[in-house]
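Peer 1: Residues per chain are reported as follows:
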Amino acid sequence: VPLVSFYLCVAGGGISGVGVLCSLPVCHKNDILAVQYMARAAWTHTPGAPGLKLLGLVLLLAGWGLVISALALVAEGAPRVIFVLAGIGVEIVGLVLVIRAHSWRGARE
Amino acid sequence: VTHTDQWTAADTLSIALIFLVPCAAAGLSSISTGLGRSRSAAHSMMSSLCVLAVAALAYFVCGYAWQTGFGPAHIAMIGGKEWNWLGAGRFFFHESTIEWPGSRAAFLGIFSVGIAALIPLATGADRWRLGAACASTAVLAGLIYPLFGHWVWGGWLMQLGDTYGLGRGFIDIGGGAVIQAVGGLSALSIAWILGPRHGKYTHDGLPTAIPGHNGVLVMFGCLLALVGWMALNSAGALMYYSVDVFRVQIVAINTILCACTAGLAAAIVTKVRFGKPDLSLTANGWIGGLAASSGACAVIIPAEAVVIGAVAGVLVTLAVEWFELHMSVDDPGGSISAHAMGGIWGLLALGVFVRNPLIGRADDTVTGQWLAQLIGIATLIGFVLPLTYGVNWLIDRLYRQRVHAEGERQGMDLYELGAGAYPEFIVHSDEFLER
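Going line by line, the protein sequences match chains R and X.
Heads up: the first sequence begins at -18 in our numbering, then just goes up one per residue.
Heads up: the second sequence begins at -17 in our numbering, then just goes up one per residue.
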């Protein structure tokens, strides 16, 4: 169950990412430009990444799924610790994305 | 009467302590009102009262039934181990559900859930509609708090020690996670959804100061909160971790020391940085110290409480500025920094400092305790935060949470209640000029 939920979370994250790409006006013209645009939107406060918040929230859930999977499926000791820390790392990335998405919105308002 | 033979001094003491817990709610309400504007003061107090009422009712209807760790529970088998994930009590405080010791847990829970629900109010000050605050509280008290509360006080997080050998499982003595962090993360969700107050940020995105209207109320709230917190931490230690009754003084001493050092640290940091100690940031530091004490108060020694409090005071003071300046989060009451950051720091510190067998077991081994604490914190950030955000976002779609711009201009008192808290005062319209 945790493994399936984890993969669902990761798949959800992937779908959100694709959704972000597809929502950009330049996507169908030049994919490289689209990726550059999304990266810039994520790490600066440039408006235009409507799926950024969703991607961040999904990554938060995926990180937690990884932590739970580490408990249930990974052997005791160092591997479990590494998986738990990896899950927390994914959560931090998700948190940064959500914060970025809102900090631009806040400044605009 | 049937339980008279098993009645202990700890039972009597814990019940007496629970009667003092509402002081924490009164303190938080005072702080929230004092740090808001004068034209929303009555609304703030009214919201506090309504939120407490809604939280108690939601907890009565279904919250306690899902939270209870003293009765039957829903168990899932994952990886060959039992995961206790939801209480299976009956709704409406059914007699079978609140039979002793459940009745004592329900008594404490009905106040604790109110405290958790009060925390976001300070964040949404001056712009959060009364009806929306009640709706958000109903979901928090009826679903989110009970679910996470069950995990921590009886469920799979508490059992991590038995099932996976991680110390004594996730430890949260007085609600550093269940009350403070859940309330603080809920406040963060509300801040994101409501957006900043009108005039808080310039067109360039720079924050401007909107000072609270009553520093006396804020300071009085801090002192009142101390009484409630000592009771809350002590009652939690007695109830959920069966701490020896003679150790309750240590719990209270640790709580006081945490608050004192955190308040002083905040005062010193603001004095060094701004030339004079800042009242609101010192109050935030004090509350942050109290929140940090909640997680670990029964399993640390007083010297460690001093360290935890000092770090909490500095952390909260810097976090308030960081949230405002770099995250564009307008949090008039500093709830996110004080409750979420302070609470999470206390839980993390427990993993570092815990070493004494203070909570019932004879052995000294606490191997893996830090990992159990990390898993609990990961659950807060990875599960509770998205859940509170998603639920509040949904409420916002159905019933707009932020007051109309006209309401913000008039003040929440006049717009939503029809009367102000201080009718003799003159409303200063120059605050609404474009900066």
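Watch out, some of these pointers could steer you wrong.
Unchecked claim - According to the in silico footprint, chain X covers these stretches of chain R (three or more CB under 8 Å from chain X):
{"no.": "1", "stretch": "32 to 42"}
{"no.": "2", "stretch": "50 to 59"}
{"no.": "3", "stretch": "69 to 77"}
To be verified - Not the full set, but computed from the structure, chain X residues with beta-carbon under 10 Å of chain R:
{"no.": "4", "residue": "Ala8"}
{"no.": "5", "residue": "Ile60"}
{"no.": "6", "residue": "Leu142"}
{"no.": "7", "residue": "Gly143"}
{"no.": "8", "residue": "Gly147"}
{"no.": "9", "residue": "Gly350"}
{"no.": "10", "residue": "Leu353"}
{"no.": "11", "residue": "Ile363"}
{"no.": "12", "residue": "Phe365"}
Unchecked claim - Selected chain R positions facing chain X (Cβ under 7 Å, derived; list incomplete):
{"no.": "13", "residue": "Phe64"}
{"no.": "14", "residue": "Ile80"}
{"no.": "15", "residue": "His83"}
{"no.": "16", "residue": "Ser84"}
Treat the hints as calculated values from the structure; they're not laboratory data.
Heads up, the beta-carbon is just placed ideally off N, CA and C, and yes, glycines get one too.
Peer 1: The structure should be examined with respect to each hint, and the outcome stated for every one.
Peer 2: Structure-based check of each hint:
Counting residues of the stretch 32 to 42 of chain R whose beta-carbon sits less than 8 Å from any beta-carbon of chain X gives 3, enough to reach three: the coverage restraint holds. Coverage of the stretch 50 to 59 of chain R by chain X holds. Counting CB-CB distances below 8 Å, 4 residues qualify, and the rule asks for three or more. Note: the stretch 69 to 77 of chain R has 4 residues with beta-carbon separation from chain X under 8 Å; the three-residue rule is met and the coverage holds. The criterion of a C-beta within 10 Å of any C-beta in chain R is not met by Ala8 of chain X, whose closest approach is roughly 31 Å, and the hint is violated.
Proximity of Ile60 of chain X to chain R holds as hinted, the smallest CB-CB distance being about 5 Å (cut-off 10 Å). Evaluation of the Leu142 of chain X hint against chain R yields a held restraint, the C-beta minimum of about 8 Å falling below 10 Å. Given hint, Gly143 of chain X at the interface with chain R, is violated; its Cβ is 12 Å from that chain's nearest Cβ, farther than 10 Å. Look at Gly147 of chain X: its Cβ gets to within about 7 Å of chain R, closer than 10 Å, so that hint holds up.
The criterion of a C-beta within 10 Å of any C-beta in chain R is met by Gly350 of chain X, whose closest approach is roughly 9 Å, and the hint holds. With a least beta-carbon distance of about 6 Å to chain R, the hint placing Leu353 of chain X at the interface is held under the 10 Å criterion. Of the supplied interface hints, the one on Ile363 of chain X holds, with its beta-carbon coming within about 5 Å of a beta-carbon of chain R, less than 10 Å. Given the 10 Å rule on beta carbons, the hint for Phe365 of chain X holds: about 5 Å separates it from the nearest Cβ of chain R.
Contact between Phe64 of chain R and chain X, as hinted, is not supported at the beta carbon level, the nearest pair being about 11 Å apart and thus beyond 7 Å. With 7 Å as the threshold, the beta carbon of Ile80 of chain R comes within range of chain X, its nearest partner Cβ sitting at about 6 Å, so the hint holds. Hint on His83 of chain R holds. Least Cβ distance to chain X is approximately 5 Å, under the 7 Å limit. Because the beta carbon of Ser84 of chain R sits about 4 Å from the nearest beta carbon in chain X, less than 7 Å, this interface hint is met.
Checked against the numbered hints given earlier, this structure breaks hints 4, 7, 13; the rest are met.
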